[in-house]
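Undergrad: Chains C and E are the protein sequences, given in the same order.
Counted from 1, the first sequence has number 246 at position 246 by this note's numbering; the numbering is strictly sequential.
Counted from 1, the second sequence has number 115 at position 115 by this note's numbering; the numbering is strictly sequential.
Simulated from the structure, these hints should not be mistaken for lab results.
Hints should not be assumed to be uniformly reliable.
[Said to hold, decoys possible] Each computed PhoX-like pair below joins lysine-lysine, with the alpha-carbon atoms no more than 20 angstroms apart:
no.	chain 1	residue 1	chain 2	residue 2
1	C	K6	E	K213
2	E	K151	E	K213
3	C	K6	C	K182
4	E	K238	E	K151
5	E	K56	E	K151
6	C	K7	E	K388
Just so we're clear, the structure is a prediction, and the values are computed from it rather than from any experiment.
Chain by chain, the residues run as shown.
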Amino acid sequence: MIDADKKPLPQHVDAVVIGGGTAGCAAAMHLANAGKRVVLFEQRLAGAQASGQNYGGVRQQGRCPEELPISFRARRIWDRLPEIVGHDCGFRPSGHIKLARTAEEFAGLEAWAEMARGFGLNVAILSGNVLRAEHNYLGSWVYGGSYCATDGHANPRLVGPLFARAAERAGVDLRECCPVAKLERDGAGFRVSLADGRSTRADVAINTAGAWGADIAAQLGETYDEHVLSPNMIVTEPAAPIFAASFGVCGGDIYFRQTPRGNVLFGGGRGISDKSRLWARPLATVSVQAAAKMIGFIPAVAHLAVIRSWSGIDGSMPDDRPVLGPSPSVPGLFHAFGFSGHGFQLGPAVGEVLADLVLAGHTETDISGLSPLRFTPSTIGAA
Amino acid sequence: MSAPAIVIVGAGPAGVRAAEVLAGAGLRPILLDEGDRCGGQIYRQPPDPRKRPYAKLYGTEAERARALHETFSRIAPEIDYRPRTLVWDVAGGQVMVHAGGGVGRIPYSHLLLATGATDRTLPLPGWTLPGVYTLGGAQIALKAQDCLIGKRVAFVGTGPLLYLVAVQYARAGAEVAAVIDSGTRAAQVANALGLLAQPKVALRGLGFVAELKRRGVPVLKGAIPEAIEQTADGLAVKLGARRFACDAVGLGYGLRAETQLADLAGVPRRFDAAQQTWVPESGADGRTPAAGVYVAGDGAGILGADAAELRGARAAFALLEDLGKPVDAAKTKTLEAGIARWARFRAAIDGMFPVPAAALAALPDDAVVCRCERITVADIRRVAALAKPEDVNRLKAFGRAGMGRCQGRFCGENAQAILAAITGAAPSALGAHRAQAPIKPIPLDDMTRVAPNTDPIVEEAAQ
Chain C
1 MIDADKKPLP QHVDAVVIGG GTAGCAAAMH LANAGKRVVL FEQRLAGAQA SGQNYGGVRQ
61 QGRCPEELPI SFRARRIWDR LPEIVGHDCG FRPSGHIKLA RTAEEFAGLE AWAEMARGFG
121 LNVAILSGNV LRAEHNYLGS WVYGGSYCAT DGHANPRLVG PLFARAAERA GVDLRECCPV
181 AKLERDGAGF RVSLADGRST RADVAINTAG AWGADIAAQL GETYDEHVLS PNMIVTEPAA
241 PIFAASFGVC GGDIYFRQTP RGNVLFGGGR GISDKSRLWA RPLATVSVQA AAKMIGFIPA
301 VAHLAVIRSW SGIDGSMPDD RPVLGPSPSV PGLFHAFGFS GHGFQLGPAV GEVLADLVLA
361 GHTETDISGL SPLRFTPSTI GAA
Chain E
1 MSAPAIVIVG AGPAGVRAAE VLAGAGLRPI LLDEGDRCGG QIYRQPPDPR KRPYAKLYGT
61 EAERARALHE TFSRIAPEID YRPRTLVWDV AGGQVMVHAG GGVGRIPYSH LLLATGATDR
121 TLPLPGWTLP GVYTLGGAQI ALKAQDCLIG KRVAFVGTGP LLYLVAVQYA RAGAEVAAVI
181 DSGTRAAQVA NALGLLAQPK VALRGLGFVA ELKRRGVPVL KGAIPEAIEQ TADGLAVKLG
241 ARRFACDAVG LGYGLRAETQ LADLAGVPRR FDAAQQTWVP ESGADGRTPA AGVYVAGDGA
301 GILGADAAEL RGARAAFALL EDLGKPVDAA KTKTLEAGIA RWARFRAAID GMFPVPAAAL
361 AALPDDAVVC RCERITVADI RRVAALAKPE DVNRLKAFGR AGMGRCQGRF CGENAQAILA
421 AITGAAPSAL GAHRAQAPIK PIPLDDMTRV APNTDPIVEE AAQ
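Looking at chain C on its own, in the form it has when it is part of the complex:
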């Protein structure tokens, strides 16, 4: 709910969530469902930045091993969106094909498949000839690929906002257009203040602030080297179905899917942004290059008209992995930010994991490789 009439904040809550993306809204919802009093502050609108402006890939394939356990947990949640948020959010388990342009890239796909098998995930390795026989719309650029049948794609414009509404129904006091001015320690808990002087106390603080995650952490003395990542996204007019699977390419410079409505949606390269004023724009240079690549992979789209392009603001970490877990230096503070351009699929599970950590003190999902500890060794002793 937009905080237009500046209604008073609760004096004290069990948990405050900072950042209304999918992860923050899901975490808030689960905590409220467990009987906790939760207030969530979103600086503008829930699900409007990285959660809402991304490509919409629901993919396990291609992730680093550290992300796979939580990605598997997320994948199970995606099937249950109708019961959780009341809508399927356009999720289609269409499969995901990762394409290689060269023998070297193809070897990389084989190595990844081998690794993933160790985690119990099977992907099929397909030669260029087999791929083109089964997917005759693919152009000559394709050397080979790998196929993960359980991956798919969804509509990012719905997921975050619908988790926000579900959180509100669960009893979360969700405040949109409410940027947090200050987060500080207050006894054993926290005090969160807004620019207009209103404040609330909380036993637990959850930092799901996306590209602003490091800024929130910095208020409590932790330093993270987070950078802004703004994807350059393009969509064409709707067309009859050409392809069902979602596609990625080794190197990540182009990715594409066709929406249930028929629009061919593709991304590649980076737009520009100014996170201080929540402003992001695609770049014509990047769009033109992406258009050429798109046609290279699927020549049949050449005649379609581009109708729109956009960008958003995500946070990225130096090793392209999110920061997820308890703060190394501040008890009661939990981080989940810096999803580095591939957090959309993870969001619903990140919310569950955060709720596990708050409610039970641990989670069954192995998130050790995403721990904040890998970036802030110097602050551990200080805590």
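Please arrange chain E on chain C, whose structure you already have, making use of the hints.
TA: Below, chain E without anything else, positioned relative to chain C:
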């Protein structure tokens, strides 16, 4: 200092008058226009203008049209005119264009946007049926193609254009089935005094109404049809118990400014309560809060074609002032006084022919609001209940209204009014659709080729 690179977008009344002033000051503006020939929509020219006389093409506006076209012919050698050129993005001091099957960029130091207006529709059930045109579209068929949209045509909407087009059709030999105006007689009487700001124009308008009546055309005021229906032999406009049989409908509830490029150029927009739409922030001199960006003509807010000529000239003088060139203060004062007169006249027109907001709020569930994505009133109501969109951009994100080829140019205001009625919010609190490049569709493969006479957007794309 290098010579200023001035780009004007739009070769209608405002753009041509701006080019005239700049060329007169010894500058050589680049004039980009989507059309084949200059004139904009109002003074649009047929493919071969010699075939039909001005009086027949433009009627009462013949002299103005001729003057504008002749001015253009005179200055053409002094400017860099590029027809059939769509500007689809503005960023980093450059406009991106689509022309000749390719794309390219043109750097500018000053940008003057004279992007004009489009019809505002009311999404009555049936408005997307074949045979239903906007009033502007019906007029263009007549001017540019020398043809009528039908033999027996009903005109539905409000505003001066409603009567003008009906008269033009009657004179061109169409049978006008009815003119159905949502404006009430009471509102028209109450605001009539303001018309004295332009008495000649007002008299001409009254003359149109009288001529229609003389021709036996039913003219209904304060009336909004419930639907346009398909019948065995054409269409019918349903109004209470009456059915006006026709084979085509001209539909238009006033005009709305084309503001996408201003938005991309960083010009903030403000809500114009009288016209119930968003317009770029600008002074009477055409200056905007964005440095080096000027707006003129109906794209800066609807004041009409005559005012557009004055606004184009005034904005060009502002541009010259900003370049440090000498400008005759008496001239700019006269222009501003003229613009102010048109603004007073327009306030009266807006009062006489208001946007039928109540009708928008009362549309039935099955009315199609967004025709690109086929989003109905019921869809908007469902999305509003489930996802609670805070503004029109969220309504678009959640429910696709405004997400199609036209980017909400034809449904934005209507979706906004419907959402306002559902939520109780003021329309002005519901934002304006963000413009997104490309503002009009561009074929994907054209994006990989370079438009003639432009810099490549990507250097490698030059081959």
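Undergrad: All hints, please: hold or fail.
TA: Hints, verified against the model:
Note on K6(C) and K213(E): the hinted pairing is violated, with a Cα-Cα distance of about 57 angstroms set against a maximum of 20 angstroms. Only pairs whose Cα atoms come within 20 angstroms are accepted, and K151(E) paired with K213(E) is accepted, the gap being roughly 19 angstroms. At most 20 angstroms may separate the alpha-carbon atoms for a hinted pair to count; K6(C) and K182(C) meet this at roughly 17 angstroms. The straight-line distance between the Cα atoms of K238(E) and K151(E) is roughly 19 angstroms, inside the 20 angstroms bound, and the hint therefore holds.
A threshold of 20 angstroms between alpha carbons decides the hint, and for K56(E) with K151(E) the separation of about 18 angstroms falls inside it, so the pair holds. A distance of roughly 19 angstroms separates the Cα atoms of K7(C) and K388(E); the hinted pair therefore holds under the 20 angstroms criterion.
Checked against the numbered hints above, the structure violates only hint 1.
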